[in-house]
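J.: The chain contents come next:
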Amino acid sequence: MSKPSVRAGLLRALSWEVILLVILVGMMVGFALVAPNFLKYANIMNSTFGFMEKGIIALTVTLVIICGEIDISLSAMIALSSLAMGLASTAGAPTGVIVLIGPLVGAAAGSFNGILISRLEIPAIAVTLGTMSFFRGITYAVLGDKGIKDYPEGFLALGNGLIGETNIPIPLVVFAVLALVMGMLLHRTRFGRYAYIVGNSKKVATYSGISVANLKLAIFTLNGLFCGIASVLLTSRIGSTRPNIANQWDIEIITAVVLGGVAITGGKGRMVGVLLSVFLLGFLKYGLGILNVQGKVAIIFTGFLLILAVVLPDFVRRVNERFEYGSARKRAI
Amino acid sequence: MGDVVLEMRGISKYFAGVKAVEGMNLTARRGEVHAIIGENGAGKSTLVKILTGIHRPTAGTIRLRGEEVTFRSPRDSQAKGITAIHQEVSTFPELTVTENIFMGHHARWKGLLVDQKAMRGRVKQIVNELDIDIDIDAHIKDLSMAERHLVEIVKALSIEAEIVIMDEPTSALSIQEVEDLFRVIRRLKEAGKAILFISHRFEELRQIADYYTVLRDGQYVGEGSMEGADVDTIIHMMVGRKISELFPKGDATIGPVVLEARGLARVGVFHDVTFALRSGEILGFYGLVGAGRSEVVRALLGIDRKTSGEILLDGKPIVLRSPSDAIKRRIGFIPEDRHDEGVVVNLSLRANVTMVVLKSLCEGPFINRSKEKALTAEYCGKMEVKATSYEQEVKALSGGNQQKVVIAKWLALDPRVLIMDEPTKGIDVGTKAAVHAFMRELAARGVAILAISSEIPEILGMSDTVIVMREGRVAGRFAKGEADSEILIKTATGN
Amino acid sequence: MANKSSNQRIIKLLRRRETLLVAIILFLVVAVSLRAPNFIGFENFSDILNDTGILVIVSIAQLGILLLGGIDMSVGSNMALTSIVIASLNVSRPDLPMASLIAISLALGAFLGAFNGFLVAYLKIPSVIATLGTISIYRGMTFLYSNGYWVNSYQMSEAFKMIPRELFLGVSAMLWYAIAVAVLFHLFYNRIKTGREFYAVGGNLEAAGFAGVNVPRIQFLAFTLSGALAGLAGTLYVSRYAIAQSGTASGFEFQTVAACVIGGVSFSGGLGNVPGVVLGALFLGILNNALPVVKVSPFYQMSLQGGIILLAVILNTLGDRNTRTKIIKRRDFHE
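Top to bottom, those sequences are chains A, B and C.
For the first sequence, our numbering gives the first residue as 101, with consecutive numbering after it.
For the second sequence, our numbering gives the first residue as 430, with consecutive numbering after it.
For the third sequence, our numbering gives the first residue as 3, with consecutive numbering after it.
No lab work stands behind these hints, which were simulated from the structure alone.
Heads up, a few of these hints could be off.
[To be verified] Here are the simulated BS3-like cross-link-like pairs (lysine-lysine), alpha carbons at most 27 Å apart as the crow flies: (1) B:Lys478 / B:Lys618; (2) A:Lys303 / B:Lys618; (3) A:Lys368 / C:Lys163; (4) A:Lys246 / A:Lys302; (5) B:Lys757 / A:Lys302.
[Unchecked claim] Pair ranges (Cβ atoms, derived): (6) A:Phe415 / B:Arg485: 20 to 30 Å; (7) A:Phe415 / C:Ala25: 49 to 59 Å; (8) A:Val281 / C:Ala105: 53 to 63 Å.
Virtual Cβ for every residue (Gly too), placed ideally from N, Cα, C.
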């Protein structure tokens with residue numbers, strides 16, 4: 101009895117989350133040694149402005165990938181909901197209304213994806229590839245090469261502001277609250293459990309009385325909602341809506357999720373890992389910035405990280421599994 | 430009798446120490462149809478997999494044309510002249526007949542371009558030789574199942590196989606189609622091929638087979654010439670053992686009718702299926718593979734659509750559109766394919782056991798962990814699941830324990846009706862006995878059980894009533910003690 | 003008898019996706035010409051075809067991957083990286099013959115594609131993820147290579163800019179390249195054993211393995227070929243538009259996917275052919291050129307394209323479903 105439990109303990113110690121934590125701490129120490137300013141409280145806090153919006157979306161993309169799907173229309177949904185807010189603002193809507201409209205439009209866009217994927221059973225990659233250009237195309241069609249900068253003061257404070265007299269950025273708090281909610285949703289509720297079951301086996305889910313289609317619709321809608329929330333913060337932070345807003349964010353967000361240990365094949369992964377990887381990627385970018393590494397070079401990093409992020413957790417998992425049983429998983433292209 | 434082309438002696442195969450076949454003997458001759466007969470789980474499919482290079486035997490020798498051989502892969506076995514036509518034909522639906530036949534070994538013109546003309550010519554030649562009617566340019570997706578079987582046969586001939594294995598080729602065919610198939614098989618015989626023919630249908634075997642080998646429980650039982658063979662003798666060899674003391678049905682008091690099906694039908698699949706299931710009763714469904722038993726259950730539960738018929742619960746008509754409707758009425762379903770449909774192997778025991786009743790374990794939106802753990806402990810304890818912890822992933826458990834998890838999952842629902850499709854398929858003897866004990870215990874508590882099984886001793890030993898299905902229809906009903914194994918087999922095969 | 007079979011042949015022809023596409027394209031051309039008669043003028047039309055040549059080539063590259071049930075999101079960034087390397091090479095070594103530049107672009111593109119192929123075939127990374135990753139890598143490298151500077155028209159040699167413009171039999175080299183690629187790949191997918199095996203892998207991965215098809219090899223080859231074509235297209239692109247920068251061909255992958263799905267290529271693999279894709283690309287090319295003519299803002303192009311992808315995918319799926327239920331019914335019947 102004691103032997104397997106010791107081994108189980110060892111395995112847990114080797115879990116992907118622990119590895120991520122070690123890398124995160126090691127990286128912070130490394131940056132701090134090279135650039136003493138790196139660890140300054142105000143700087144660290146300030147740096148989170150740069151990646152909290154992506155982090156928020158990563159929370160729901162985690163659900164999307166766990167239930168066995170993918171969404172590459174994330175940045176397009178941000179653009180679409182930013183457009184809606186811009187139009188509302190131009191029409192003279194107060195801050196409260198603008199803040200509501202963004203997430204609502206995001207949720208509508210997400211549910212559009214969800215309906216095509218869950219009811220018509222079209223592959224998610226096909227649907228979101230189409231909506232990726234469709235949604236963003238709408239912003240181009242409406243805005244042309246112009247932008248909307250006409251936002252009320254109160255709205256602009258959201259994405260840039262700090263909480264009261266503290267040094268804590270509002271987006272960080274929003275992220276923290278949403279992360280807590282999504283963590284609870286994924287790990288503590290029936291909904292989250294069903295996501296794992298569906299991601300592992302649609303058949304078992306159906307036979308056990310779980311409505312696969314409803315679950316997927318809900319997850320894609322939620323994902324759109326979170327893109328809308330992120331869009332509120334982003335639009336407010338940069339103070340404008342442009343058709344190319346949040347261009348190419350999809351890759352970074354998906355990277356954060358799979359680097360967090362969420363299996364790209366579905367059914368596996370934890371919120372803690374995703375949180376760690378959001379901060380890992382964010383601080384990496386911030387550190388590279390302090391070291392004057394160009395943003396475009398950082399993009400190359402992101403690409404390699406995405407590939408590593410898929411290969412590594414899988415590798416660690418396979419090594420771990422080899423302790424108990426040599427299982428090879430079957431996968432399509 | 431033709432020359433011996435294939436000889437298997439003392440073939441055994443163990444999976445992780447569990448016997449699949451043991452001491453198997455088989456001799457195939459040119460120009461002969463050799464029937465391999467046995468119940469489900471007798472070891473037929475393992476035998477086929479050994480011959481086609483999917484499994485390697487643990488012990489024993491295989492001689493091909495007098496030389497000892499090993500098959501390293503499906504490709505290797507094919508190259509040595511063995512080909513199998515599987516029940517589930519695996520093809521490329523979007524490609525043409527000719528293309529399917531030549532995939533992987535296209536004929537080529539000067540080693541470069543695919544030579545359509547040569548390929549079509551070769552296929553046409555085989556099709557003409559066999560005198561079958563198939564459009565060689567049709568897409569596979571547009572063909573019927575019978576036509577697809579014929580394509581597989583043409584494929585076997587195109588690679589000049591000497592030994593053709595047919596795994597229940599007639600189970601999906603109509604009578605006319607079977608006639609066509611037999612005509613083709615006779616041609617193959619004339620061409621000197623050795624044919625291994627797996628089937629349960631004695632009538633067919635008498636028509637087509639020259640020789641037979643009987644297997645039982647993974648072991649060789651005997652062989653003989655089909656000519657003058659007595660069906661009763663073969664059936665006896667096949668079933669062998671006495672219905673042992675293993676199955677003393679407890680004295681459950683059989684109560685009122687709980688679930689009733691009237692005139693259930695799904696066009697082309699099954700017709701006019703009527704039965705009543707009482708509380709405390711175990712109703713056994715027997716039949717050959719493909720007789721439509723699982724399909725009836727799937728339609729009953731709303732997984733597939735039924736085309737007509739009525740379902741009544743406690744005498745009131747109900748509509749079940751999906752398994753969740755059934756679950757709401759406390760009707761449980763243990764599917765046949767444990768791995769694909771029963772458990773989620775990557776999730777913990779706890780997540781699996783509480784899957785169906787999760788709603789009742791929730792407070793507000795949240796799952797109550799301690800309630801969840803208690804429930805898992807209760808039902809895993811009841812089922813005596815052997816695991817190091819309830820957080821262990823199910824894939825780490827043995828097959829028998831996984832099946833216990835599936836049963837625990839449905840017990841947690843506290844079902845009024847429990848439908849079980851092959852509840853003891855592929856599990857060890859000990860677990861089997863445990864499963865049987867639980868079925869009895871449930872029945873004694875008033876649960877109505879419908880059990881599909883292809884194992885005659887299990888059906889006879891466990892059921893209060895047996896329904897035998899044949900070709901999508903109810904072919905017979907027997908109360909306990911009315912039927913024996915021979916009657917069941919005869920009813921199921923139509924002899 | 004003969005009459006009946008020829009009737010059947012006509013019905014078959016009418017039912018084909020290609021026939022439908024030709025009809026739609028003709029309708030589009032006629033409708034636009036009614037509003038702007040010089041739309042079908044020789045000059046304008048040869049411009050349209052030249053514009054579409056690149057799309058045809060890269061869509062055929064995409065076809066190979068879609069046939070396997072995968073997707074290549076990195077074709078656009080592959081084009082960008084190849085184009086900047088080739089353009090810079092032309093600037094620094096104007097003496098290099100053009101044929102060698104073409105050969106280098108094919109090789110470089112093939113190498114970039116082979117990297118994708120390695121990730122997908124041997125590291126077993128889903129193609130969406132692998133190529134999403136290489137989008138960033140290749141784009142980033144493009145930027146690094148160019149250091150943010152553009153290679154402008156005046157820096158390029160005349161011969162370089164003539165690559166797609168050279169006339170042969172009155173037809174531009176651009177079109178000859180597109181025609182050559184289309185014919186070669188049509189031949190490859192229909193008449194070469196390896197090409198036929200693409201359909202097997204996409205149609206039924208497991209059965210393909212059983213039939214002795216080396217699945218990883220096919221996957222690797224598909225990405226390598228796709229990369230080579232993207233590389234070629236990169237050179238044609240940069241010499242046609244005479245400008246190279248890190249944003250070159252950004253989002254081109256969507257156009258290629260759109261051309262494929264319009265041409266009847268299925269996202270689930272195993273279904274699609276070169277003529278369909280060529281027509282799909284032509285349709286998009288003509289549509290893109292028609293929009294300004296009928297006074298639709300070019301800013302509508304993207305959403306229109308997305309809408310067309312969605313519509314084509316939905317129609318393909320509904321069509322698929324019809325055949326699928328047919329198969330399922332059959333199976334049910336015989337089970």
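J.: Are the hints correct? Go through all of them and say.
T.: Hint check:
Between Lys478 of chain B and Lys618 of chain B the CA atoms are separated by roughly 23 Å; this keeps the pair inside 27 Å, and the hint holds. For the proposed pair Lys303 of chain A and Lys618 of chain B, the alpha carbon gap of about 43 Å is over 27 Å, so the pair is violated. Restraint check for Lys368 of chain A and Lys163 of chain C: not satisfied, since their Cα atoms lie roughly 52 Å apart, outside the 27 Å limit. Restraint check for Lys246 of chain A and Lys302 of chain A: the C-alpha separation of about 46 Å exceeds 27 Å, so the hint is violated.
With a C-alpha separation of about 20 Å, the suggested pairing of Lys757 of chain B with Lys302 of chain A holds against the 27 Å cut-off. Against the hinted window of 20 to 30 Å, the Cβ-Cβ separation of Phe415 of chain A and Arg485 of chain B comes to about 29 Å, which satisfies the hint. Taking the beta carbon of each, Phe415 of chain A and Ala25 of chain C are about 52 Å apart, inside 49 to 59 Å as hinted. Checking the proposed 53 to 63 Å range against Val281 of chain A and Ala105 of chain C shows it holds: the Cβ atoms sit about 57 Å from each other.
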